[in-house]
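Undergrad: So you can see what is in the structure, the chains are spelled out below.
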Amino acid sequence: MSMRGPALAMLRLLAGLLIAGAVWEGAVIALGIRPHILPRLGMIWGAVMQAPQAYWDGFLRTLIETLIGFAMGACVGVLNGVVFFRLPTLRDMLLPIFVVSQTIPVIAFGALVVLWFGNTLMAKAIIAFYLTFFPVTVNTLLGLNSVDPRQVALLRSFGANGAQILFRLQLPMALPQTFVALRLAASLSLVGAIVGEWFGDTTGLGVLLLQAMYNENVVALWAAIFCCAILGTGFYALVAWAERRLVFWGAEQ
Amino acid sequence: MQRRALLGTIGATGLFPAIRPAGAQGLQRATLRLKWLAQTQFAGFYLALQRGYYREAGIDLTINPGGPNLLTENLVATGADTFGLSGGTDSVFAARERNLPIQCVGIAHQQTPFVFVVRKDSPIRTLQDFRGKTITTWFTGANYVLLGMLAQAGLRQGDFTIQPQQVSVTPFVDGQIDVVTATRYNEFYTLMTRMGRDNLRVFVPDEFGITFPRDTLIVSEQTARDKPDMVKGFLRASIRGWREALADRKAGVDAVMAVAPTLNREHQEFMLEEAGKLMVAGAAAQNGMFWIDQDAVKAAHDFLLRYEVIKSAVNLPAAYNRSFLEGLSAADRGV
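Protein chains in written order, with this note's numbering: chain A, 1 to 253; chain P, 254 to 588.
If you're looking for bench data, these hints aren't it; they were derived computationally from the structure.
Given the structure is predicted, the values throughout are model-derived calculations rather than measurements.
Some hints here could point you the wrong way.
[Claimed, not checked] Interface residues of chain A toward chain P, partial, derived using beta-carbon atoms under 8 Å:
hint	residue
1	V114
2	F199
3	G200
4	T202
5	L208
6	L210
7	Q211
8	N215
9	N217
[Stated by the list, open to error] Computed, partial: chain A to chain P, Cβ under 10 Å:
hint	residue
10	H36
11	I37
12	Q53
Note that the Cβ used here is the ideal one computed from N, Cα and C, for glycine as well.
Just chain A, same shape as in the assembly (with noise of 0.2 Å):
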């Protein structure tokens, strides 16, 4: 492929923003729809650049929240995969109780976070791992037990011990699964974050949201959707990123 395809790529999406841009304005102007319903977007640029710091700050500690428990959730998911795998006895044991623990809502476990770690940027970590660990899990599971058993008995007459088998050919034949899974909890993670700094904060993009709606300052409450779409999108095409370097050859299953 020429290099001008990303670059088009690109300017199509530049393209589409400006329009959705445009179109907001035009319809705000067009049908004099009241800021606080739909604010002016200029409203909004205004609200973010009158305490700029803040919303820095702000993205920053949730950012750090998001990757932490998305650190956490990734690597727990991969092990736990592993383990089930390989130890399908325990698998029956905890995987119920993991399925159990995915259904309790996040509100419900938030307040019991914040009893035992207070208001640290661990708890909303932990709320965040809480909703990745999961989908990762289950997910490398499923990658680990779709690899071909020809394969696995190809490289063990080639005398490969179990761990050469695990890291050369079934963690990298579950990698685009598990990346599926990766790329839910990228999402996951940010909403885990943000949830936990509704459990009290005074930094984050969650105390932002929360403090804007109820004070009904419907502009600051855009400033603060604004900056989780970026921190949201840009994360979720880092991770989709990787998956493109990382399974090259995903395009061909």
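Using the hints, position chain P against chain A.
TA: Only chain P this time, still in chain A's reference frame:
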């Protein structure tokens, strides 16, 4: 303290760097859990913290904001937080009824902080006119105040439609409902800015003889027993911060906006003004802020008991401990 003990037993303390490092020497570490996010409803605490009054009292204080899903009583009872500014007399009753070991050591809002609002051009002029109308209110205590007021006017449940109120007052502004509940310092501001003060008619619970003191300062029974001097020091510093915040509104608003810079300044100024009125009303006028008006507490208690919101009588002297306030000098109480 129990929280740290728990972390210690897990042996995971090292994993949680966000836990604050040890405070300065000679200071007792403590936290204050608010009932909501940082806003000027709590300006006096933030100003006292900013000006170092808690440190002067030997307390290294951290203010933890609340949130929609947090119950301050639980956090204080378990020791996760030292002090709490909790919902109000109603939530203290509920906690004591559930045998949570907490005590109220001061009351911030001496009067009912919320009112019921109708459009001035609506046909609702008296409480009797609520018949057949649609009302939204919070099902966290305000609903009983409303039922009590309407019962006095001879209305029974079923004579009107009562719905839980969501975050926004927009349904009222748009005319979808007839009566909305508004705290004087928050929703009422939104209503005023969107509809104009002159277009609103207000029904004040206190004018109908129902007073619900809210925003209660609580500690655990253990703190009250083991650290009475810390409780007194906390009250002294808080009262000082509040008096200065009400005397110098700009400083009060600034102290909060330093923590939450995205807040709307005009709204916060209004909130401080209204919260201030609630704090110096009633018995606080003679006895100083945070005074526990035993009569008002008893009236609220009896009211909730009558409506079976609380099932059995609460031991009021055990639940509302005024001794810490009484232990302060008149000057410290600002009277």
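Undergrad: Any of the earlier hints contradicted here, and which numbers?
TA: none
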